Amino acid sequence: MIRATLTALALWATPLYANADTIAAALAEDSVEIDVDFDGARVTLFGVSNAADDPDAAFVVALVGPSRPHAIVRNTPNGEERFEFVSAPSVLAVAAEPSIAEIVSPDALIRAGVNARYAAKPAPQDMTRTDLDVWRTAFADLKTEAGLFSGDMDGVRRLEGGLLRADIDLPAEAPAGEYDVRAFVFRDGEMVGEFHTPLYLERKGAESFLYNLSRDRGVLYGLIAVLVGVGVGGLGAYFGRR
Amino acid sequence: MQIHLPIAEIAVDPLVIIAIGSGVGFVSGLFGVGGGFLLTPLLMFNGVPAAVAVSTQANQVLATSVAGASAHWRHGAVDTRMGTLMIAGGMVGSGLGVWLFRILRQSGDIDAAIAGSYVVFLGVIGSLMLWESVGALGKAGGGDPRRRRALRAWTRVLPFKRRFPRSGLYISAIPPVIIGFVVGLLAAVLGIGGGFILAPAMVYLLGVPTRVMVGTSLFQIVFLTGFVTFLQAVVNQTVDLVLAVVLMVGGVIGARLGAAAGQKLKAAELRLLLAIVVLGMGGKVAWDLFAVAPAEFVLEAST
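Note that the protein sequences, when read in sequence, are chains P and C.
Under our numbering, the first residue of the first sequence is numbered 1, with each subsequent residue one higher.
Under our numbering, the first residue of the second sequence is numbered 1001, with each subsequent residue one higher.
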């Protein structure tokens, strides 16, 4: 199936943009199921590009999780400071090629939205704050520490026949939702081609049942929690008696 | 093998969680304290978000205290009359405490003040218990503190006197309600369950025998944690049932072993151990407060 998809992508990509650098891609699996046995997943992306044989081009693939507001608290000797980002990706996993440092400029990475240090968006009135970089850096560091932001500088491989392959590990802490998988071609420091495709992380089975119950039927969920507590405790008492 | 927690949104090793549950359950069954003070930081250390850890530990403590209380029940060591009076006082006290806590929070940065007063509180209670129980161990018997002490005169002079056959007391019904109230208030303001404060208060201020104290304390923890679990599930949606069930499996086993171990110890030895745990807890809070600089940046749970 993946082979057929790639052939179709190659046919579609080549004639239309014969002169420009293009990239098209497909995921080996476009959805990931989260059930109670979920402990992370490996997301594999195959891509085709007319620049795949060109050593002057660099490829970057990023997995961007659903955006949410985030807040950071800073403990200082004079008390707590708080900074809010109105929107930041919950997950940002980047796979690239070793040559990326020479070929891609940091600004181009920021514009592509795959530079972890600039991933978080502050409120408009905070854009001019002098300490904005401090907060953004702290945010990226905390996310990296939690395993939700990651970068693999050797995560994209060029296969034969203009094919690319990127493997990105999704941590078990990754939240459910719609992810955006982005593939980019860079040349001479600038981004010259890009492609987006969605990846769905969906709750399934017991995980989905319990999560939905806790959100939609809080009272029932609370009663079940209490009954389970009393029941397990009572069972323990019953069997402990023998 | 790992299991994924639907509410916490992380994966954990179930064997680690069972080990944590049984260790905390043992302490709970032995002393009649809930054990949330141990459980919450242990869960957070394993990556569980703070809000989920706080709510889910109440569910686990519910199960272990049901198991522990029923074990003590069979030994006739649960004073339901006294427990019910303290629950009534505790409900009012914790309701007022939650409200007071919000007022205090709005008035400024009170975390350090709370932690500081908590250290003083635990230090004083722990030291007094240590001193008393070591003294009692030295004397023959090693049983409960003397029955007619000046410290307990108030329980005899106040009106509404009732018999408490399980505890072997004939005292006013007002002191248990007041103690339940104060413990509920302090627990809500200090943010930790009240077993720690309740246990010594019952022994020293009311004259409840140590063994009955443990069973009665667990009895009222059953109601308190059932109430908290339900509220957290409805209001904050932070109870993780998968995590709770795995914790409970270890917890009920630990609680049974703890209760059995408690039966083999002298009452004064039990109080001595509890005093050490109380002092250790105070020491830990003091250490966090004065010796450990908090991380400069902390990411708040995303909403």
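Some clues are possibly wrong.
If you want the ones that stay clear, here's a sample from chain P, every Cβ over 10 Å from chain C, calculated [as the list claims (entries may be wrong)]: (1) ASP54; (2) VAL64; (3) HIS70; (4) ARG74; (5) ASN75; (6) ILE100; (7) TYR118; (8) ALA123; (9) PHE139; (10) SER150; (11) ASP154; (12) ALA206; (13) GLU207; (14) GLY236.
Chain C is nowhere near these chain P residues, computed Cβ spacing over 12 Å in every case [what the hints assert, rightly or not]: (15) ASN115; (16) PRO124; (17) THR128; (18) LEU142; (19) ARG215.
Stretch-level coverage of chain P by chain C, calculated; a stretch enters the list once three of its residues show a Cβ under 8 Å from a Cβ in chain C [claimed, not checked]: (20) 27–33; (21) 37–44; (22) 190–196.
Hints were generated in silico from the structure; no laboratory data involved.
Note that the coordinates shown come from a computational prediction; the quantities given were computed from them, not determined experimentally.
Glycine residues also receive a C-beta, built at the ideal position from the N, C-alpha and C atoms.
Open item on the list: Run through the hints listed earlier and report the numbers of any the structure violates, in increasing order.
Closed with: 3, 4, 5, 9, 12, 13, 14, 18, 19, 20, 22
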